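In numbering that gives the first Met the number 0, the protein residues as written are 0 to 434.
Calculated from the structure, these hints are not laboratory results. Warning: the hint list may mix true and false statements.
Below are the DSSO-like pairs computed for lysine-lysine, each with C-alpha atoms no more than 30 angstroms apart in a straight line [said to hold, decoys possible]:
1. K293 to K322
2. K218 to K322
3. K364 to K293
4. K218 to K269
For clarity, every value in this text was computed on a predicted model and none was experimentally measured.
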Amino acid sequence: MKVSVFGLGYVGSVSAGCLAKQGNAIIGVDISKNKIELINSGKAPIVEEGLEELIALGVKNKLIMATTDLSYAVSQSEVGIICVGTPNLPSGNLNMNQIHSVAKQIGTALKSKNDFYTITIRSTVMPGTNAAVSKIIEQESGKLAGKDFSVISNPEFLREGNAIDDFFEPPYTVIAGHSEKGIEVIRELFSFLATPILVVDVQIAELIKFLNNSYHAFKVAFGNEVGRLCKELNVDSYELMDLFVRDTDLNISPKYFKPGFSFGGSCLPKDLRAFNSIAHDQYINLPIFESIDKSNVVHNDFLFQMVQSKAKKKVGIVGLAFKAGTDDLRFSPSLELCEKLIGKGYEISIYDENINLSRLVGKNKDFLFTHLPHIDKLLSSNLEEFLSSNDLIVFAHNNKNVVKFKHLINNETNIIDIANISELKGMKNYEGICW
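Produce the entire structure from the sequences given, and follow the hints as far as they go.
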């Protein structure tokens with residue numbers, strides 16, 4: 000395939016070298032004459048293990064050339080890959096000037112090109128960039144997105160020092176766009192990869208890089224905070240973290256990474272607060288750990304405000320325990336929500352098949368009656384009455400027995416879903432907490 004790469008910095012030069020290795024004819028474009036000269040002489044413009052060899056091989060085989068002439072590159076290629084820089088502005092947002100400048104130049108070049116052209120954005124960009132680039136190119140070229148050209152979001156996941164391996168062995172390749180033809184072109188371009196190629200919504204593709212890198216930053220800071228505390232406690236932090244990451248089922252897995260309700264129960268809140276207390280006793284500042292509980296509180300408040308925004312005074316709660324499948328009520332977000340609503344004068348009813356007041360014992364029972372002393376008047380055992388009599392129902396649990404009787408819910412009843420229940424999503428007046 001004939002491919003132009005716009006921007007020969009870190010991402011662009013790696014992309015050029017790797018794609019040429021697969022037999023693609025690459026035209027690299029950059030405003031830096033120095034980079035152009037380096038590429039055309041078979042040298043890499045950046046330091047990256049293995050890249051110099053790829054560039055040299057590509058130039059030798061006449062599969063890589065570089066130029067400052069973007070219009071020429073567009074005229075000679077089927078695909079254009081945008082890899083220009085998007086540095087931070089003082090506000091923290093990304094500076095999109097180079098992206099918009101390249102889009103304008105591509106649009107101008109497409110005026111005289113008759114063939115369908117696919118533009119893919121590899122740079123890390125702000126949400127909405129795909130649409131903005133499409134609009135700029137339409138305005139500059141006089142052509143139509145989807146008919147004459149396509150803009151595809153295709154974020155990269157390259158780590159400096161390991162970029163060649165990351166290019167050929169990514170966890171997955173993300174493709175997004177509004178043109179099936181454009182999507183298929185990029186799918187074919189990366190068809191040599193053994194890992195999955197995932198076609199997602201454009202907004203997802205534009206956000207995933209932020210999500211990945213924010214989490215990676217959290218992991219670094221997490222490890223550093225553990226290390227600072229371990230140092231004061233004279234504990235081997237590397238041994239502790241080695242043990243921590245051996246749990247590949249819960250500690251480093253997709254589990255828990257699901258938008259929904261806040262965490263609660265007798266373990267996570269207790270252990271988190273205890274860990275912060277230990278650090279405090281050692282005079283160690285752990286801002287990330289301290290922020291986790293604050294984030295949980297903010298999420299609880301967010302749900303409460305959602306309920307308040309509906310202006311409905313009769314509220315039903317499906318699920319009182321801190322999660323489905325248990326009767327543990329300690330630090331349950333649902334229980335906290337009920338307590339807040341009662342304090343604001345709401346009429347509350349609760350449906351939870353796992354809560355049997357006669358069987359509750361010990362601290363679990365004490366916790367419930369301390370926070371909801373009149374719980375016996377709030378619990379409902381009549382499902383039909385519960386579903387039909389409330390003006391707003393909050394689904395904190397995915398209770399299949401409740402969901403299968405969703406037809407009993409009145410059309411005017413508002414639904415707030417915290418458990419991501421697919422069967423509810425088509426209902427009138429439905430809203431998910433994070434979707």
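Do the hints match the structure? See the list:
1. K293 to K322: Roughly 20 angstroms separates the two Cα atoms, so the pair holds.
2. K218 to K322: Judged against 30 angstroms, a Cα distance of about 26 angstroms means the pair holds.
3. K364 to K293: 26 angstroms, holds
4. K218 to K269: The hint holds at about 21 angstroms.
Of the numbered hints stated above, none is contradicted by the structure.
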